[in-house]
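Colleague: Chain order of the listed sequences is A and B.
Residue 1 is where the first sequence starts when you use this note's numbering, and the numbers rise one by one after that.
Residue 1 is where the second sequence starts when you use this note's numbering, and the numbers rise one by one after that.
Hints in this document: simulated from the structure, not taken from any laboratory.
Hints should not be assumed to be uniformly reliable.
Just some of the chain B residues that point at chain A, by a computed CB distance under 10 Å [claimed, not checked]:
1. S75
2. A431
3. A434
Derived list of chain B stretches under chain A, where covered just means 3 residues or more per stretch with a C-beta under 8 Å from a C-beta of chain A [said to hold, decoys possible]:
4. 261 to 267
5. 355 to 365
Virtual Cβ for every residue (Gly too), placed ideally from N, Cα, C.
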Amino acid sequence: MNEIIIYSMITLAGLGIASAVILYFVAQKFKVIEDPRIDIVADNLPGANCGGCGFAGCRNFAEAIVKAESLEGLSCPVGGATVMGNIGQAMGLAVEASEPKIAVVRCNGSKAHAPAKVVFDSASRCSFAHSLFSGESGCPNGCLGLGDCVVSCSFDAIHIDSETGLPVVNDNCVACGACVKACPRSVIELRYKGKKDRRIFVSCINTEKGAIARKNCEVACIGCGKCVKVCPFDAITLANNLAYIDFEKCKLCRKCVAECPTGAIHELNFPARKEPVAASEQTDAAV
Amino acid sequence: MKTFKIGGVHPEENKLSAGKPIEVFPIPQKVFIPLSQSLGAPSKPVVKKGDVVKVGQLVAQGEGFISSNIHSSVSGTVTKIEDYPGAAGYRSPAIFIDVEGDEWDESIDRATDLKRECLLSPEEIVARLKDFGIVGLGGATFPSHVKLMVPAGKKPEYLIINGVECEPYLTSDHRLMLEHGEELMVGISILMKGLGVTKALVGIENNKPDALSHLSKLAASFPGIEIHPLKVKYPQGGEKQLIKALVNREVPSGKLPIEVGCVVNNVGTAFAVYEAVQKNKPLFERVVTVTGKSIPKPANYMVRVGTLVSALLEHSGVNPEEGMKVIGGGPMMGKALTNIDVPVVKGTSGILVMPASASKRMAEVSCIRCSRCTTVCPMGLEPFQLCTESERGFYELAEKDRILDCIECGSCHYTCPSGRHLLDHIRVGKAAVAKMIRARAAK
Numbered sequence: 001m002n003e004i005i006i007y008s009m010i011t012l013a014g015l016g017i018a019s020a021v022i023l024y025f026v027a028q029k030f031k032v033i034e035d036p037r038i039d040i041v042a043d044n045l046p047g048a049n050c051g052g053c054g055f056a057g058c059r060n061f062a063e064a065i066v067k068a069e070s071l072e073g074l075s076c077p078v079g080g081a082t083v084m085g086n087i088g089q090a091m092g093l094a095v096e097a098s099e100p101k102i103a104v105v106r107c108n109g110s111k112a113h114a115p116a117k118v119v120f121d122s123a124s125r126c127s128f129a130h131s132l133f134s135g136e137s138g139c140p141n142g143c144l145g146l147g148d149c150v151v152s153c154s155f156d157a158i159h160i161d162s163e164t165g166l167p168v169v170n171d172n173c174v175a176c177g178a179c180v181k182a183c184p185r186s187v188i189e190l191r192y193k194g195k196k197d198r199r200i201f202v203s204c205i206n207t208e209k210g211a212i213a214r215k216n217c218e219v220a221c222i223g224c225g226k227c228v229k230v231c232p233f234d235a236i237t238l239a240n241n242l243a244y245i246d247f248e249k250c251k252l253c254r255k256c257v258a259e260c261p262t263g264a265i266h267e268l269n270f271p272a273r274k275e276p277v278a279a280s281e282q283t284d285a286a287v
Numbered sequence: 001m002k003t004f005k006i007g008g009v010h011p012e013e014n015k016l017s018a019g020k021p022i023e024v025f026p027i028p029q030k031v032f033i034p035l036s037q038s039l040g041a042p043s044k045p046v047v048k049k050g051d052v053v054k055v056g057q058l059v060a061q062g063e064g065f066i067s068s069n070i071h072s073s074v075s076g077t078v079t080k081i082e083d084y085p086g087a088a089g090y091r092s093p094a095i096f097i098d099v100e101g102d103e104w105d106e107s108i109d110r111a112t113d114l115k116r117e118c119l120l121s122p123e124e125i126v127a128r129l130k131d132f133g134i135v136g137l138g139g140a141t142f143p144s145h146v147k148l149m150v151p152a153g154k155k156p157e158y159l160i161i162n163g164v165e166c167e168p169y170l171t172s173d174h175r176l177m178l179e180h181g182e183e184l185m186v187g188i189s190i191l192m193k194g195l196g197v198t199k200a201l202v203g204i205e206n207n208k209p210d211a212l213s214h215l216s217k218l219a220a221s222f223p224g225i226e227i228h229p230l231k232v233k234y235p236q237g238g239e240k241q242l243i244k245a246l247v248n249r250e251v252p253s254g255k256l257p258i259e260v261g262c263v264v265n266n267v268g269t270a271f272a273v274y275e276a277v278q279k280n281k282p283l284f285e286r287v288v289t290v291t292g293k294s295i296p297k298p299a300n301y302m303v304r305v306g307t308l309v310s311a312l313l314e315h316s317g318v319n320p321e322e323g324m325k326v327i328g329g330g331p332m333m334g335k336a337l338t339n340i341d342v343p344v345v346k347g348t349s350g351i352l353v354m355p356a357s358a359s360k361r362m363a364e365v366s367c368i369r370c371s372r373c374t375t376v377c378p379m380g381l382e383p384f385q386l387c388t389e390s391e392r393g394f395y396e397l398a399e400k401d402r403i404l405d406c407i408e409c410g411s412c413h414y415t416c417p418s419g420r421h422l423l424d425h426i427r428v429g430k431a432a433v434a435k436m437i438r439a440r441a442a443k
């Protein structure tokens, strides 16, 4: 009886030792050497895997950081300056200060401003609608309001307002750029968040001639060029009947907002003006 | 009876206007002639504001290899050349002409006698089709002269004539075969000469027995032309399906019919070819079926290009301001118009008006893997798979699954019991895959 127990114990122990030795050599042979810094960087990243940095996921981004010699052009939009600062410290690399950005919806063609002229009960997504027709209001550039951006957002940061039919961005936005890619009409742009969340932008991307744009939407940019003349910083350019404010040059002086005859230029989160200006009352509805 | 082998559906035929002879539609007060009426590059206008034009005068010249000429459909004064929203609401340039009288270009032979003998050489025929703006009238509006220019190394064997008209409701080709059968036969002979083939096969579905017997009688005196009855099945009018049905050959993926020795033309095109070659008449009018459940008197009209759809509807006694759906083309592949003040173009085969009740979509629910879409796909694709791949953005996979072979016939969409938006997704996916391939080629 005892012998059986002893033999089986020896056999099992022998098998275990033999397997351990084999496994050891196999492990040595097929060892994958990974830079330990990848783990350190990846631990610092938010782990949202949103793809906002331009890489397939956080791990992929961490590998790129470890390979890179400087952090130029590499930035995590979700973590922002804090996370990049920590990573820079861990890697011993200098971090360039990047200004935080936010998604901005550049269309104010709400149900009231750009009423529907046809009922097109067949497109359930913006991408379908864009491939089928110009939109219910007739504006070939504006927001279609079917929410491809909402579906694309991993941060619950963009929603369609049922009253205006336009998307609204909230503070959850980390500027990952998913909605910018999802929008078939490029209505959404990433712009500087601005001091105290103050932003000024042209809330229209219609490139048609003024009269035609105005016919479909009463708050369209008509390309009159008044804002270009009034801007003291040369931040506004006019191309294809459309004004565009360069957010890197804009100093948020608000002169253009008052000048715009259709109220297409929006100011956000500014204190009320001392002298009320008629144009500024129409703003804010969409953003 | 012959038909194509895989897939296909059989929607209700509803050929309401089959018994209505072609009426000449009154010349409108004004016409809008879009500059982009064929596949390929838009044409360049050769008239300017204030010019007086005659019927059949060249108003826009095709530029580039795949492009076609456009001729005035009326006589009058050019009032402006300006962007105008088309059927989809996107703006493209059009020539606006105010009509004065009906003065035709002197070179056009307006006599109705039949001219059988074609004296032009094949090269002259190709040049004539190019000059006279002949495009495929089946819907795709591919310039016809390009089809006759066979690439080096390829040898055409058959000219295939599409008299299938598989779209429900439409009857324009049917009426043309009945009323202009002889001209059609001459047109086919001219195309055969231009192409250098000795055999032409005309495919007609057997729901048009009158057209079948009429053309079979005529074909006896035209050597080389055979009339073939086909079993009714949608989308038999797709050129790849028609070739499979008539000569039992399969066009390889991504290739043109010439690869298997065939060239396909529509009966409407053959008639336009007859008029261009024998009567010197450019393509500026066509047969348009105005039909649908909301039309009190469905009819077939000979309409000048540029006539507004609103004029056609008014003539047919329908007021479209009542939530109805107006479709340009047939119910399967046609597209809803966003505006009824759009002109009839060379590719308009029909205008369909449906009541609001018939134009609602089914609510979309989850795919139940019933595989009906796969069964009906005439190209042998797996629409449910392509739909998912396109939805998720897996474009490389979609390319591998031959998404670009989709002919957008809508059979999958039509048959889906879950109301999935299959074709919408596939259409978006096709565009994305084509863009991806272009980007790869540019590298």
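Colleague: For every hint, state whether the structure bears it out.
Modeller: Now for the hints, and whether the structure bears them out:
A least Cβ separation of about 30 Å between B/S75 and chain A goes past the 10 Å threshold, and the interface hint is therefore violated. With its C-beta approaching chain A no nearer than about 7 Å, B/A431 sits inside the 10 Å limit, and its interface hint holds. At a threshold of 10 Å, the smallest CB-CB gap from B/A434 to chain A is about 12 Å, leaving the interface hint violated. Counting residues of the stretch 261 to 267 of chain B whose CB lies closer than 8 Å to any CB of chain A gives 0, which falls below the minimum of 3, so the coverage claim is violated.
Only residues whose beta carbon comes within less than 8 Å of a beta carbon in chain A count, and the stretch 355 to 365 of chain B has 4; three or more means the coverage holds.
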